[in-house]
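If you read the protein sequences in the order shown, they are chains G and Y.
So in the working numbering, spot 234 of the first sequence is number 1300, and the numbers just go up one at a time.
So in the working numbering, spot 284 of the second sequence is number 1350, and the numbers just go up one at a time.
Errors might be hidden in some of the hints.
The list treats identical chains as one, so a pair stands whether inside a single copy or across any two.
To be verified - Okay, derived cross-link-like pairs now, EDC-like style, lysine to aspartate or glutamate, Cα gap no bigger than 16 Å in a straight line:
1. K1205 with E1353
2. K1072 with E1374
3. K1333 with D1092
4. K1072 with D1203
5. K1072 with D1161
6. K1315 with E1387
7. K1155 with E1355
8. K1315 with D1161
9. K1155 with D1207
10. K1072 with D1199
11. K1315 with E1282
12. K1154 with E1124
13. K1072 with E1118
14. K1142 with E1282
15. K1205 with E1280
16. K1142 with E1374
17. K1211 with E1280
18. K1155 with E1387
19. K1333 with E1283
20. K1303 with E1280
21. K1303 with D1337
FYI, nobody ran anything at the bench for these hints, they're computed from the structure.
Protein chains: 2
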Amino acid sequence: MPELRKDPLSLRWVIIATERAKRPSDFRPEPEAKSGGFCPFCAGNEDKTPPEIAAYRERGSERNGAGWRVRVVPNKFPALQIEGSLNKKADGIYDWMQGVGAHEVIIESPQHVTSYAGLPEPAVQEIFWMYRDRLLDLKRDRRLKYGMLFKNVGLSAGASLEHTHSQLIVTPIVPRTVNFKISSCREYYRYHDRCLVCDMVQQELAQRSRVVMETEEMVAFEPYAPRFPFETWVMPKAHASHFENMQRKGIEELARTMKEVLLRLQKALNDPPYNYMVYTAPFDAQEMEEYHWHIEIIPRLTRVAGFEWGTGFYINPVPPESAAAYLRETAV
Amino acid sequence: MPELRKDPLSLRWVIIATERAKRPSDFRPEPEAKSGGFCPFCAGNEDKTPPEIAAYRERGSERNGAGWRVRVVPNKFPALQIEGSLNKKADGIYDWMQGVGAHEVIIESPQHVTSYAGLPEPAVQEIFWMYRDRLLDLKRDRRLKYGMLFKNVGLSAGASLEHTHSQLIVTPIVPRTVNFKISSCREYYRYHDRCLVCDMVQQELAQRSRVVMETEEMVAFEPYAPRFPFETWVMPKAHASHFENMQRKGIEELARTMKEVLLRLQKALNDPPYNYMVYTAPFDAQEMEEYHWHIEIIPRLTRVAGFEWGTGFYINPVPPESAAAYLRETAV
């Protein structure tokens, strides 16, 4: 069973994956890139993954057989395990609990494509419907506190398989990054009586210099203080705290926006490695006046070194205004 | 002039290095490894760096000439610039200031070696004396608030030159990572009336399972909740908030400890890429009862992906107790 341990200085939780513990000799400076060869996520190889948790399927097709369009399976090497109780305890001055949670993989297409940006819009919409379904299902478990949907693309962004997929890790604690965002939002709200992110959206739409694209309900822009070159955020224009409460029109526009933003990034940066993270509200939160869900896309073009690790300051050689202009001009 | 911009959601400051702004085409997925060839840090090439700020030199040798043992120069591509005033201002709802600060390189040896762990102890002591000198000098500048000493070794840890060196970036704001640590320490102190880090040291020395080595004054251990495999922390056993207030015996023992810990890491992990960061107190703080300086060494063996970026949670496949046992058993 994995363990959860808290560092009292940084308030950071760490998952110690004792069962897949490695020896020092297991670490090689750069793992080999894998491309081609056998892919367990392709249609026809359904028996090479753990049994499916959910899928959108053709009528009459069978669970764990072909005929699916989006398919969710447990991660074969899960960071957290769904069975068991937390058994929270002190370990001297430290804090400990069992590694209870969920770790799922959302396989976004039965075809071996490396990005969903090239798929038709209805196929992309189904990916976001599935994100929503999985959050709504898992948040019924009262042991669990937060669901982080994320995507790793490219070896240096941490992807081990190239077939287009996302992951969902659900933790029994609200992660500190999310807590920090919520606390900034609360402080702003207390002072201004307005949502911080709504104010950011207003300023971006008025200034326009950092906007990449917009639809009626969604906007994509380069944030004012991006950690990374071409970091791009996507969010609803109107206030909404929970990703999983989105309705049909929101999902349609989000799919269109994400597809176009990823196409622009892929084109402009020659298929860069990237991650994205979906920041929804914690599981036990009701609709929140002060928090606003959003997606952060981070192309991994620069290396993070001691200064960034040490301070949380980032050095970014591309002003977001230049990045936005470049992305807008990229032909797609 | 670089700009400092604050992200209001994460409270993270970002340095937008507008003067070395890059075009998208400047980003290549993996820069080439450089080894061999011309090295501007080697003795004899003093005119290939900006003019020196400080050096420990043989009697009679000349500034910017040969005869130095440790030499400090401005970074050729500084993230921050020492001239100018901050000109703090609002940019709509955002916060902005000029990129005033310092960015120095500490060249740790005139010989082309890639690690100081192989140097004699007196040479290593001089590196730490120089760290101390530079902090003491720069903290007299009232515009500046914090000095982060750090080291990048290996391409994937962000080093662009292999000749052994450290860097010092001094910022006009206390970085959020440091603020978070101080605030955890304060909260602990308020409750327990004891320093959190002193309590960690006591528990580690009593349990011993995570201790790598100790001297009379210093201890090196794997933290209870390490982000990374073989993450190792080094600190004084007795309470001390300011690195730069260390005395002779402390520096001697720190040099011996760092030399041996780095040798063990290099041997155990086959010369891994790594970073280390020196966490001293903020410049304007007097001796603090609740904060305790420390060094964090992070070998870069695993990749950081969307989950870690998104949550601040880390997944570590090596329990710190196993890592410590392995490092203790490594013959050096």
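task = First find the shortest C-alpha distance between K1315 and E1387 inside one copy, then the shortest across copies, and answer within, between, both or neither for a cut-off of 16 Å.
result = neither (29 Å within a copy, 52 Å between copies)
query = How would you classify K1303 and E1280 at a CA-CA limit of 16 Å: within, between, both, or neither?
reply = within (9 Å within a copy, 56 Å between copies)
ask   = Between the shortest in-copy and the shortest cross-copy C-alpha distance, which are at most 16 Å for K1333 and E1283: within, between, both, or neither?
value = Answer is neither; intra-copy 25 Å and inter-copy 56 Å both fail.
query = Between the shortest in-copy and the shortest cross-copy C-alpha distance, which are at most 16 Å for K1142 and E1374: within, between, both, or neither?
reply = neither (32 Å within a copy, 19 Å between copies)
inquiry  = Please sort K1142 with E1282 into within, between, both or neither, judging by C-alpha distance up to 16 Å.
reply    = neither (39 Å within a copy, 47 Å between copies)
query = What label fits K1155 with D1207 when the C-alpha limit is 16 Å: within, between, both, or neither?
reply = neither (21 Å within a copy, 46 Å between copies)
request  = Can you give me the call for K1315 and E1282, within, between, both or neither, at a CA distance of at most 16 Å?
outcome  = within (10 Å within a copy, 67 Å between copies)
ask   = Can you tell me if K1211 and E1280 fall within 16 Å by alpha carbon in one copy, between copies, both or neither?
value = Close neither inside one copy (32 Å) nor across copies (40 Å); limit 16 Å.
Identical-chain pair category, K1333 with D1092, by Cα at 16 Å = between (36 Å within a copy, 14 Å between copies)
K1072 and E1118: within-copy, between-copy, both or neither at 16 Å Cα = neither (32 Å within a copy, 43 Å between copies)
Intra- versus inter-subunit Cα pairing at 16 Å for K1072 with D1199 = Close neither inside one copy (30 Å) nor across copies (35 Å); limit 16 Å.
inquiry  = Reference check for the pair K1072 and E1374, CA-CA at most 16 Å: within, between, both, or neither?
reply    = Cα proximity of K1072 and E1374: across copies only (15 Å, versus 21 Å in one copy).
Hints 4, 6, 7, 8, 9, 10, 12, 13, 14, 15, 16, 17, 18, 19, 21, counting from the list given before, are not met by this structure.
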